Amino acid sequence: MQIDRRLASHFDWTLLGLAIGLVLLGILTIYSATYSVTEKQASGLATKQFYWFIVGMVAMLGAVTVDYHHLDRLAYPFYGVVLFLLLLVLFIGSVGGGSQRWLNLGFFILQPSEPAKLAIVLALTKYLQYDEPPDGYRLRDLWAPFLFVAPLILLTLVQPDLGTAIVLSLIFLSITLMGGLRLRSFLYLAATGVALMPIAWHFLKSYQQKRILIFLNPDLDPLGAGYHVIQSKIAVGSGRLLGKGYLHGTQNQLDFLPAQHTDFIFSVFAEEWGLLGCLILVGLYLTLIVLSLRVVARAKDRFGSLLVFGVLAIFFWQVTINVAMVTGLMPVVGIPLPLLSYGGSSMVSMMVAVGLLMNVSMRRFTF
Amino acid sequence: MLPITFRKEVASEFRRRTNLLMTVVSIAFLLLIGRLFFLQIIQGERFTYLAENNRIRLKKIPGTRGMVFDRKGQLLIDSRPSFDLLFVPEDAQEPETTLRRLAGFLGRDEGELLGLLEENKERPPFEEMVLGRDIDWRTLVAVETHQLDLPGVTLRIRPRRSYLLNSMAAHLLGYMGEIGPKQLKAQKEKGYGMGDEIGQFGLERRWEELLRGRTGGQQVEVDALGRRVRVLHEVEDVPGHSVFLTLDRDLQETAYEALQGKQGAIVVLEVNSGAILASVSTPAFDPNVFARGVTGEEWRALGQDRMHPLNNRAIQGQYPPGSTFKIVLAIAALEEKVIDPETQLQCRGSMAFGNRVFRDWKKEGHGAVDLHKGIVQSCDVYFYQLGQRIGIDRIAKYARALGLGEKTGIALDDEKPGLIPDTEWKMRRFGQPWFPGETPSAAIGQGYITVTPLQMANLMATVANGGTRYRPWFVRRVESLDGTLIREYGPEKIRSLELKENTLKHVRSALADVVNSGSGTGGRAKSNMVVIAGKTGTAQVAEMRGAYVKSEQLSYLVRDHAWFVAYAPAENPVIAVAILVEHGGHGGSAAGPLAKKVIEKYFSLQNNPPDSKQAGRQGAIRAN
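Protein sequence lines, in the order shown, are assigned to chains A and B.
Be aware that the first sequence starts at 0, since it is given in numbering that gives the first Met the number 0, and climbs by one per residue.
Be aware that the second sequence starts at 0, since it is given in numbering that gives the first Met the number 0, and climbs by one per residue.
This is chain B alone, in the form it adopts within the complex (with noise of 0.2 angstroms):
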């Protein structure tokens, strides 16, 4: 065929269209450098953060949290491998279809695991939210067989806090918990993250930062599954220390029994140092359920609890002290010298003052009282006089002198102080004068004043020691798992109380007849191994006016508060106790025999001790 050629008017209009095509491509391809340049230049800084941020993960390996043991070095918390089921909603093509599979193998609910993506939603891009912590080996298994169809679905393997007492002494040792979003702004420099574990009560709590150890990690590189490429840099985490405490495991565990089935606390403390050997609150909850993990539903359930399981009340229950408040009118009255020991005061049963009449517990009357027959029969009237004498202003400063009214100072957390009231605390408190009439129920710690047990404990043990009040203290040292002494406690003078050379004399002989005379409130609490010296006492809840009413024919939560404190042995103390069962009723019967078992335990303990160098070695090899 022929070529055919341009007509000499149609080249040049080719010519003209193709400039025109020139200045078109050109700035097309203008266009497109521009594009580059803004993207690999003025947007590079940011695009390589993005491409790092994608490819870099920091993997957090938290130190194994310390352990923790009793005074003979029993382990009392061990951390122990557990499995956690994470997910990266990011790395799963469509996360939906991946939890629903999930559900699934575990036979889980749906909408649960729907639900906490939901939850999740604000949680930065590609961090991990937790599905399951603690999971069981079947979930376990099943995860790891169907790994493949459960993209974005991982597993982390973390220390988990297993507590060997379990509920037995939950609220000394506390419970741990995932931080908090308040707690995490707080806590943010030191290192905590989302989904961290951290200790939210007693102990735990406390001393968290001598327990958590340093986490430890890796920046590891991952690809668009979330598949681990290889490690870009780690560092290694750093156990915590090991906690060695004053408690007594046993004793602990023989105190808590005393108080299955009861609502109270007994609290045991070292005469001469203010260690804690045992300290126990009941109901109690079981903090190995809030290390695997608590559940909405357990939480409200412990929270709405109406025996507040959740409290520890030997340093947050504020009782009335009833009788065992007869020991500060003793003291304050031999000090104050309102009496003789010897003066004796009758006691028709009841008293009259102003216009109302104030009841012995004895309606027949104990006849003729002294001092030690009024503290070892526990008269009423007897001390209604004593109160009267003193003045409520006395009454209070010795109460304070021994420690009542205000926080023992304990390293616990929300301890309470309970009351000693006075004129101008009235003043303050009601804006009105103490009226004459309010002395007698104070005199025998009823009225405003409230205790803790903790409280009466620390006193008991100094009325034993002979005027040394000390901080009651129950971590004795701090240990690196490889045996490096970080910390040592000894115990805490607070204070001295000058008293005079008789007073402790005749309050101790008479608190020794309480238990052992045969006619004192505790004979139920006297023992043939030990000899013990105590008080009883019985806290009332309501006020019963005009009759008699046995307080077991009480509703129970208007029954009274049964109180029983203690030391012993009668002569040279070494342990003192304080017992509260709420609700318990009388005092001697209620709480009286419990401090018996809890004494003689202790006192059988010091005579045959379990063999001690082989439950520390058992220790040393755990933490190894």
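The shape of chain A in the complex, shown without the other chains (with noise of 0.2 angstroms):
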């Protein structure tokens, strides 16, 4: 494929630049916090992310030199292949920490849910890609995508992964929404969903019953359940203005945070590092989204407008709810910080995402 000289001209390299910053960021937090006290070294996870970043990077500039146009001929068949991936789990994933998520494909354990976002934003964009009606869409003139974004939810949920079921609805009714939902059909959607919220409380598994009781009072069970917060709230809180230095955040290199290198890397990266730099770090996400604000609003077209919408909806999510989860503004529910937790499908997922941001973003002045 021959590269145009303009588009390599047009090359965001602020947003390669943003994305490589918070992956050299998140690999150097996921060494501390798998770093040894007593034996004085990490295990290979750093070095495993690392190669992770290296493929991410490769995927990225396959998402970036295709022209996004044609990914809209991909969009079916790349949702038909994670719908597909998700059933597999279901009858022969992997089991851990008590749940089903993942394929063991030998070299590598994949986790579909995760390019199930990406699946989601590509579907709907595809779908809604057409100019909307005057009066915006109604309810009953969106069946379609939401019967194919149904399945992977509740694929998701089963699993369950409660977190990434909510990250998928919620980035499901962002494109929705951006893509020209009434706003009072919105309303109708949302009331209905908080109406079967009750019900939806019986279909949770009794530990996210407990994680959510929990979030509504921390001290209910101190030991138990509460201790995954309670913990990271003092990890964080004791990082203070300028954290107690890297390596030496006690909270992290005692392990009395969960789930140190995954789900909980803010609280490490913020004991570690402080307030300074969380607003370096939250202030890296929060570049990410503007810029990709502009790029939605300057794309020359709508495929691409929604396609960056979806894509930074994904970031959007999971950076507000795992920021607002560790720090105990929001229950636990699981969902891994974009770009910085550690994970293989997490990783080549995001890396393309950020493609695709690439992509539009130095597309926007050709045809």
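All clues given are correct.
Simulated pairs of lysine to any residue, SDA-like, Cα-Cα distance not exceeding 20 angstroms:
hint: 1; chain 1: B; residue 1: 261; chain 2: B; residue 2: 301
hint: 2; chain 1: B; residue 1: 596; chain 2: B; residue 2: 529
hint: 3; chain 1: A; residue 1: 299; chain 2: B; residue 2: 18
hint: 4; chain 1: B; residue 1: 261; chain 2: B; residue 2: 166
hint: 5; chain 1: A; residue 1: 39; chain 2: B; residue 2: 229
hint: 6; chain 1: B; residue 1: 71; chain 2: B; residue 2: 483
hint: 7; chain 1: B; residue 1: 499; chain 2: B; residue 2: 393
hint: 8; chain 1: B; residue 1: 58; chain 2: B; residue 2: 195
hint: 9; chain 1: B; residue 1: 492; chain 2: B; residue 2: 476
hint: 10; chain 1: B; residue 1: 425; chain 2: B; residue 2: 447
hint: 11; chain 1: B; residue 1: 425; chain 2: B; residue 2: 440
hint: 12; chain 1: A; residue 1: 299; chain 2: B; residue 2: 16
hint: 13; chain 1: B; residue 1: 504; chain 2: B; residue 2: 466
hint: 14; chain 1: B; residue 1: 189; chain 2: B; residue 2: 176
hint: 15; chain 1: B; residue 1: 362; chain 2: B; residue 2: 518
hint: 16; chain 1: A; residue 1: 39; chain 2: B; residue 2: 228
hint: 17; chain 1: A; residue 1: 39; chain 2: B; residue 2: 222
hint: 18; chain 1: A; residue 1: 39; chain 2: B; residue 2: 220
hint: 19; chain 1: B; residue 1: 58; chain 2: B; residue 2: 89
hint: 20; chain 1: B; residue 1: 425; chain 2: B; residue 2: 387
hint: 21; chain 1: B; residue 1: 58; chain 2: A; residue 2: 253
hint: 22; chain 1: B; residue 1: 261; chain 2: B; residue 2: 165
hint: 23; chain 1: A; residue 1: 39; chain 2: B; residue 2: 219
hint: 24; chain 1: A; residue 1: 47; chain 2: A; residue 2: 108
hint: 25; chain 1: A; residue 1: 299; chain 2: B; residue 2: 11
hint: 26; chain 1: A; residue 1: 39; chain 2: B; residue 2: 221
Since the hints were made in silico from the structure, they are not lab data.
If you're wondering where the values come from, they're calculated on a predicted model, not measured in any experiment.
Both chains come to you apart, so use the hints to assemble them.
Written out as structure tokens, the structure is:
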């Protein structure tokens, strides 16, 4: 494929820099999170994450190179593959920590719910790429996209992975709203959702119910289910302005923090780098999102606009929920911090996501 | 494919939406940053404290408690290493599961261990709770081998008291126990903490401060599973001081053996200093049981025992002195000149006073009785009359001068004063005058009068040494572990009785004949080794009106208490002894032989001292 020289000149180095910056901070933090005080060395997870970063870079390059207008054709097949993988998980997935979320591919353990986020974005973007009706979509106009998103959400929910299911739902809502769902219809939907919550409560696993109760009252069981939130708040809070220094976060190093290198990686970072570090980290995410929003507004076509919007929704929801969760603003639902948390599936998916942002960004000047 | 471009209106609509989104994103991120500011800046100090609390544990290392030696340097109390089984529920993921497993390994009752968990609910988080004290090696091995299956379970090594005399000196030496909530409140500033051991009784309690040493400790960084990561700070513990007693271990043993199977007390004093050579109270208890941690059941059993094994009868038992009180009467009579030593009074076996008849213990009477005969044969009628002549207030005056009716002031807690009545006391206590009819009883040590064995031993020492009353004491010296003298104690004179030259001479010659004349009541105490002087006493527990009943025929609890008080040698006395056998019957036969045994032991020890140097060296080696 020939690369247009103009494309190269419009290459969005800022987005790339932000992504690489976040990944490197992530690897640094994973190293600290897996560092053993007694053995004076870290496990190999940071190195592994770095390899995934390389894989992610290659995938991102692919996502950048193919003109996003061609992705139109890939959207449904990709959706199909992800749906198939999620069904496989249901039957032959490997179990970890009480839920069945992974596929063991031998060389690699895949978590299909990560690419599922991209699948939803692509499929919805494709469906909504035509101009919306002048007075917006009604709910009944959107039965088709709802029908193909629902299985992904349900399959994630039964794993059980409440966090990802919530993120998938939020992405769906965000894109349809952006794509022209009538506000009144949205409110109907929201009201129905709230009305269904007591019913949904009964479908939650008891540990999930516990987490929500704990969120409402963390002192309910400080050494049991409330332990994670309390220890995480202690870690974040004790970081104070400047942090305890790299590899010196006691909450982290002495293993008081749960899931240090995955869902609670922000707490590790906050403890060691303090508020100042947090402002930089959150600032990086904010910049990424704001730049993407600019792309949304300036893209020359609806497809590109919605695509970027979908990707930024992935980032926005995961970052806000994750940080809110580890700082005790929301119940613990198990959502990784994109580009920072350890995990190959998440890393590659998010790098591809960034690739898509850059793809649209650099092509906003061309036709 | 052809790109589908925006129509103009739609593009501007999208722009409007992005502006709205920008607001939403800004609000969300502001919220997050606000939250971080709240946690890290406003509450930062609090969370820093909590983080420190999480990672730093204080490991207390109590200083090895001081050892206790007898007068010859023989070890009485040692401290040996022992293991306590501890549990920090916060360090176990599932405390109940761990305890169930532990119960399985140890063969202990599950419910009991889980009950402990409930009991310790109010303990501060991460503070250890004690599952077992001084565990046996079997438990130790079981816990060590299954350490990995028992998160939160740890062992603590700590010095444990070992009482080499077992129950023989239990009341004097006392025992240790876990500090109670009230004690903890009172002693907090002295550095005591939950689960600490503290002297609870006897020497261990009264000399706690010197014996205790200083608790050291380590500030240890631990990880989330409570595993030690490193020591941050260390304060050296300081061992307690060694205490050297005036007690003689061998004599104490003999005295204890003499009282085996009986309830009572024996006190042996040095006549010229008031130093205690032996002090026994039976039934006793084994302080080693307390050292390993007494179970609730054992404690209840001790507390509810009708024989009251926890009472130190030597200082807490208050008994009518019976005929031993005649010594006081004799001194009072001579000093107040109500009689001459030669004055003879008639005894016909009883004396009528008012509408009452006071009997003599000898039904047929003693005939003509002077002071000497009165004491030697313990003639009640003679002393009834003496009592009447002296009067209760003067009797009380001399009794008190001899140390009765008030605490001796020995350095032990809960000493009882006994009771010496007089007219003022009677009025205060009952709102009634003293009736003359009450005096005869008082004259032979019955009625309201009570004394403790220690008081009687001290009284005999005072009589023996010519009228000097010392405060009984038993700690001679306190040394630090390296031998530096910390404190030294000596005799403390409380009072010198200014008695006439002959008063004690008459009394003492009579006391010698009580034992040695052949006609005295104390013949059973006569020794071939040393000349013993003494006085028998038979204290009525229940008043037997009308009939002569031999004490031995009465049921146990109403049987008389047997007294024998003595000193030896009769000339130039060295030791004084008081022996009380509860419900022992007649003083001369029940207590006299015991006095002989104890006194002979003392003098045989003087003639063939055990290799005291070696004993001392042994102690010193253990001390290091």
